[in-house]
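Go by the hints and put chain B onto chain A.
Listed in order, the protein sequences are those of chains A and B.
Following our numbering, the numbering of the first sequence begins with 1 at its first residue and continues without gaps.
Following our numbering, the numbering of the second sequence begins with 1 at its first residue and continues without gaps.
No lab work stands behind these hints: they were computed from the structure.
Hints are supplied without guarantee of correctness; some may be wrong.
Identical copies carry no separate label here, and so any pair may be met within one copy or between two of them.
[What the hints assert, rightly or not] Think about it this way: if two alpha-carbon atoms lie no more than 27 Å apart in a straight line, the pair counts; the simulated DSSO-like pairs of lysine-lysine are:
#, residue 1, residue 2
1, K284, K209
2, K183, K67
3, K386, K564
4, K562, K376
5, K67, K562
6, K376, K553
7, K295, K227
Number of protein chains: 2
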Amino acid sequence: MNNFRLESKELLVDESLLYTGNGYIGVRGNFEEGYPESYSTVRGAYIASFYETIDVEYGESAHGFPKTAQKLINVFDPQSIKIEIDGEQFSLFQGEVLNFHREMNIEKGYSLRDVEWVSPKGHHLKLEIKRMTSFETLELMLIDYTVTSVNYSGMIRVNSSIEGDVSNYTNADDPRVASKHAKVLSIAEKEIGDQSVFMAGVTNRSKLKMAVTMAHDITMDYKILDKSIEGHAQLQISEGASVTFAKYIVYTDSIRHSNLSGQGKRIIQNAVMKGKEYWYAAQKKYLDNFWKYAKVDVEGEGDVENSLNYNIYQLLASVGKDIHSNISAKGLSGEGYEGHYFWDTEIYIIPFFTLANPTIAKNLLMFRYNTLPYAKEEALIMGHTKGAKIPWRTISGSECSAYFPGGSAQYHINADVAYSNIQYYLYTLDLDYICDYGYEILYETARLWLEIGHFNDQGQFFITGVTGPDEYTAIVNNNYYTNAMAGYHLQWTVKFSQLLKERYPSSWEELVNKLQITENEINSMDRAGQRMFLPYSDELGINLQDDGFLNKKEWDFENVPKEKYPLVLNYHPLIIYSHKVLKQADTVLCHFLLDNAPDNVIQNSYYYYEKLTTHDSSLSPCVHSIMASRINNPEKAYHYLMDTLRLDLDNLHGNTKDGLHIANAGGAYMAIVYGFGGLRIKEDGLHLRPTKPPHWSKLTFRLNFRGALVKVTLGDQLLIETDQPIDILIDNKEYHIENRMETNYHERN
Amino acid sequence: MNNFRLESKELLVDESLLYTGNGYIGVRGNFEEGYPESYSTVRGAYIASFYETIDVEYGESAHGFPKTAQKLINVFDPQSIKIEIDGEQFSLFQGEVLNFHREMNIEKGYSLRDVEWVSPKGHHLKLEIKRMTSFETLELMLIDYTVTSVNYSGMIRVNSSIEGDVSNYTNADDPRVASKHAKVLSIAEKEIGDQSVFMAGVTNRSKLKMAVTMAHDITMDYKILDKSIEGHAQLQISEGASVTFAKYIVYTDSIRHSNLSGQGKRIIQNAVMKGKEYWYAAQKKYLDNFWKYAKVDVEGEGDVENSLNYNIYQLLASVGKDIHSNISAKGLSGEGYEGHYFWDTEIYIIPFFTLANPTIAKNLLMFRYNTLPYAKEEALIMGHTKGAKIPWRTISGSECSAYFPGGSAQYHINADVAYSNIQYYLYTLDLDYICDYGYEILYETARLWLEIGHFNDQGQFFITGVTGPDEYTAIVNNNYYTNAMAGYHLQWTVKFSQLLKERYPSSWEELVNKLQITENEINSMDRAGQRMFLPYSDELGINLQDDGFLNKKEWDFENVPKEKYPLVLNYHPLIIYSHKVLKQADTVLCHFLLDNAPDNVIQNSYYYYEKLTTHDSSLSPCVHSIMASRINNPEKAYHYLMDTLRLDLDNLHGNTKDGLHIANAGGAYMAIVYGFGGLRIKEDGLHLRPTKPPHWSKLTFRLNFRGALVKVTLGDQLLIETDQPIDILIDNKEYHIENRMETNYHERN
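The shape of chain A in the complex, shown without the other chains (with noise of 0.2 Å):
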């Protein structure tokens, strides 16, 4: 991919598509070498959850608006390093370029850049530079080069650096990328050491630090710097042969190591050590691991099955693996959206985590429970009584959002956290994990749909005043979503207290205490779960997004201008929120994720919202695709999966630049299992409900499905292949398959 791109906005875009991470550190793919001085790049490394605290400001405050935020900072960039022979340094943008390619090498988990060149001077040199951060030690990094020579001999000069004067990205125009507080992370510390180099860092306000310790398997000269560390080596090469060197960087930060220094060094020793080798296996032997639950095979159309399973990729190498991180709007390719973690984790990445890597999905899950004290302070802030509110965009776990229409809101994330609790326990049965940690999460979060909702004259449960998923509607009463989520919430809650009461009385007894927990209460949400409001049109056969919904004017489709979109960037909010037009699935959404509306309401629904429906939020195309596969609309499915899968490989939405849209990965492989496979994680089991785009010939996913290894593929046939018993719906009609089932499924257009 990406070959002889080397205009300045293809490499941006690369500088994201090719970045490498592994859910710890993430560095963008830039060249090491740099590009020409007018050149835009976001030259980028990150730490999982490593933030500034930042003030917000407004114009106008009010109660409750959260005073600072945090912001995913650049911390010192690791990739500098600078080849010279005979005066003329490699670079792309002088010279001869005879080949150029690019790639991301997702089985073996490294980046690769190829390059033949001619020097100015006449010079032949072929370059093979690799990229790797190590999911097996979160805290390396390797950049390794190969050098050959076709017609030169004499020395190479290497120069291989860290650099300490970094700054964040700062657009004051778009909404999607922070305003301001670029510099923000200082040098603290700066050691040439036996073997290793080592730069350590603090940032300005949350006294934050990180490090960076430098080594290389070629012996260098180092010297400090105003504001870096920079090695130097002469090698010897001639013609025909080649050399190699490769460049070890650790990551250390004051969040999860208690000895920056001493644990850089160690670690950094032990990779040395070792040798780039032994860490090209270890890529490989955790992907494989990773791939064996992971993959999913597509025959019948060139590159569909790369780029879904490079989009699958990016989840893994975006997603936090500790306790301290999740996964944020752009994982770790860049700085949209300030490295935030929204609803985006439950709602479109926890359910690959959950189907493909539970363990994973749960260390996500984990992060609600562990920020937990904020999300109840939040509450608190604000004038509720009691409860939860996760926050709507978050590092640390406090409130970042500045803009509550489109933030703090959207209430139904408590439900999106609640509805991937409860998915988690029924694909895994982990009543145990509910024990401990779900069900404060469930409970908590729960209680505020008492507060901001209430019973009216007829005993309905209304909720008013809140933001659905479609942030081109704001401030609502009755949102669909909403109502339904918060309904689904509820009466899991209940049901979940009986669970726990029945199987583990005494635990039952320490979270009535802990939680304050009463019967009154209980009673009280399970009548909200079961009199939750559900607005419908009896006229249009379909549920309302919101009560006010049909009152509002019609957008004109037909005669706004493509550049007008997305809406966001041309039009003042209400003038969008007085209209009917949605950035993104909303209904179509709860539909999806709930899967307990009549067929003909959801088949109703969908063709009415598609139509107003401008998908300017990459996480709509994909809902739109796993949906168009339930109403028997596998054409429509294809179409939208195409606009997902492709949406950051082609820069669909042109702001790439800014990070991956990691969600959208996610809802890319969903719009295969959930929308093609039909999936559904229910009460009465595991269910399937198979289609396929027609001119697929095979299609193939896999499920770690309590701990069985399931292979299902459509083909002529549906074939079901698993290493352990397991219990299956297809079509609602229940199996047993003890190691293989193949079995006719519908053509359903």
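For chain B alone, kept in the frame of chain A given last:
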């Protein structure tokens, strides 16, 4: 009033209550000699519309949010005068205060401070200090000292200065005042001239210039210091005798004056030459004429009359008297709401001036005409295709609202401005004004209803996604107030089109060309006006504040403690918005302004909403007073009048220090004339529907009705006296009055 109030908190309030203003300059009532160091003070002087441009910050911005705003700034301080005898500084905070009296003399137009004081050494003085800002020469301020010695003979040293080291008041925690940008004015020039001294300043960013010219009627030695110009004099005084001197201050500014220094000197020379007695006489003359039409007499209850006329005086003192200025939320008495002009002008203040001083009313209307280009630009900035959107808050004409749910969302301001134009026309029958200015305002602002509203399937006109006057309810569909007012606006726009076409055909043609009016557009306005949807509840027999109002949660009035009010300072907007709780009159206000709903609906609505209203806004009690009269509940009307009258005098909202609540002052007048008088301006003429609190023996108010001085007295009988024949409707019955009419009127309670 305000005797022996010497605590810091009291003095802060008195700074506002005793400020002297004339609509061009406003100077807060500080002590010339200052307070102790430990005292809080907002020592301020303001020039109408003299602003700095400031950046507006958003944690998350969106398209069309104002990027800059204006802010009324504190200009050079004219107040400082220090008196020293025998090495002792005169100060009320040392020695002994035998007498201390302050008052605002609203007949003569000056403030007075009377002091009898014994110094620590035992020297006994009496001081009489008057301050006046001239209504005849708006640039002029006078501070006039008379010092009488009881037991001291010797020298009195006088130090009188202009202070250039000024800054604005800020408070980051109160959304009602500015949070930053304290220091924005720099000294540009200092000069000692023959007969006066001169100091000019310039703002950092708006680059507006202002200057103070100072002179005294005694000989002074002046010297220029770093941030001030000081004058010194020594006067001989002997036991039992007095000395007097006056300080003359002239403000000029680059908005109004082409030569700040030259004009300043000329004005001050003229002022000093004429001498202070001239200015007192001129002030009295101006006010005599004002009170002729404005005074309200109340017999039968102590200080009601005084309080009422105090409020009326503040309207005159605060209202802009040139084309550059309007009337800000706090007049020129303080810095609350950053000196911005709101809908307060049209709905709470113009109703007074229309009746008492139509020239000033017209000047206020003209402000919107003069700033219409900004309003048209704002509509386009937001993404509308045409029309004008009156700014929610502004000084120069461009939108300054940084919180759109309670700002730009209040589209009703377009109708409010139209309403005041229509009312002005109906009262004056000045069709020339409409033709030359008013129509353009009406037409451009009416266009916006077609932009934001639409015809639904049944052909009803809906306006969605806007906020009505009640700021505790935001972004709703079909706000009754907005819709009804928009309907009135649209219908009158169409009527005026007809009227101008018939009566001024050539001007009409010019308007058609200038505004690109089409018949189609007028037809749409006509249809929208006629088919405007007005939400109504059959069950409750009330107009609904908006489509979704009844679906919201009850506010727990019983259990929410008093200190949680105003709610805006204690709850996140989302919590407030999701409840049935009002900050201020909304539907009830509309029932007042349009007076076209059935009596029972007006009454039911009043009692329904009254229970839900916190009156956290100072714009609320006055409307409830007016409408209590309307529904024949004079006791309630009296009760709300008291809240209105005493709001600032008793600092009922606790923030009078930030300036007087000028709209509330207008509301006090309205509670009398529109409330007890039952005055309404309608197409068929001027209506009265008199009533009064039973314990008042007599209530008298005056009108300037089409040139006639009309005096209305509600005693045992209704007495109307006029110096020209007038037609008037009393209880909907037409009367022609040549010069006097006496009749019975209803006891309504």
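**Q.** Up to 27 Å CA-CA - K227 versus K295, copy category
**A.** neither (43 Å within a copy, 75 Å between copies)
Q) How would you label the pair K562, K376 (within, between, both, or neither) given a Cα cut-off of 27 Å? A) Cα proximity of K562 and K376: across copies only (25 Å, versus 43 Å in one copy).
Q) Between copies, within a copy, both or neither: which fits K386 and K564 at Cα up to 27 Å? A) between (43 Å within a copy, 17 Å between copies)
(Q) When Cα atoms must be at most 27 Å apart, do K284 and K209 count as within-copy, between-copy, both, or neither? (A) neither (31 Å within a copy, 71 Å between copies)
(Q) If the cut is 27 Å between Cα atoms, do K376 and K553 qualify within a copy, between copies, both or neither? (A) Classified as between: cross-chain Cα gap 22 Å, same-chain 38 Å, threshold 27 Å.
Q. What label fits K67 with K562 when the C-alpha limit is 27 Å: within, between, both, or neither?
A. between (37 Å within a copy, 26 Å between copies)
Q.
At most 27 Å between alpha carbons: which applies to K183 and K67, within, between, both or neither?
A. Both ways: K183 and K67 sit 20 Å apart in one copy and 23 Å across, limit 27 Å.
Going through the hint list in order, the structure does not satisfy hints 1 and 7.
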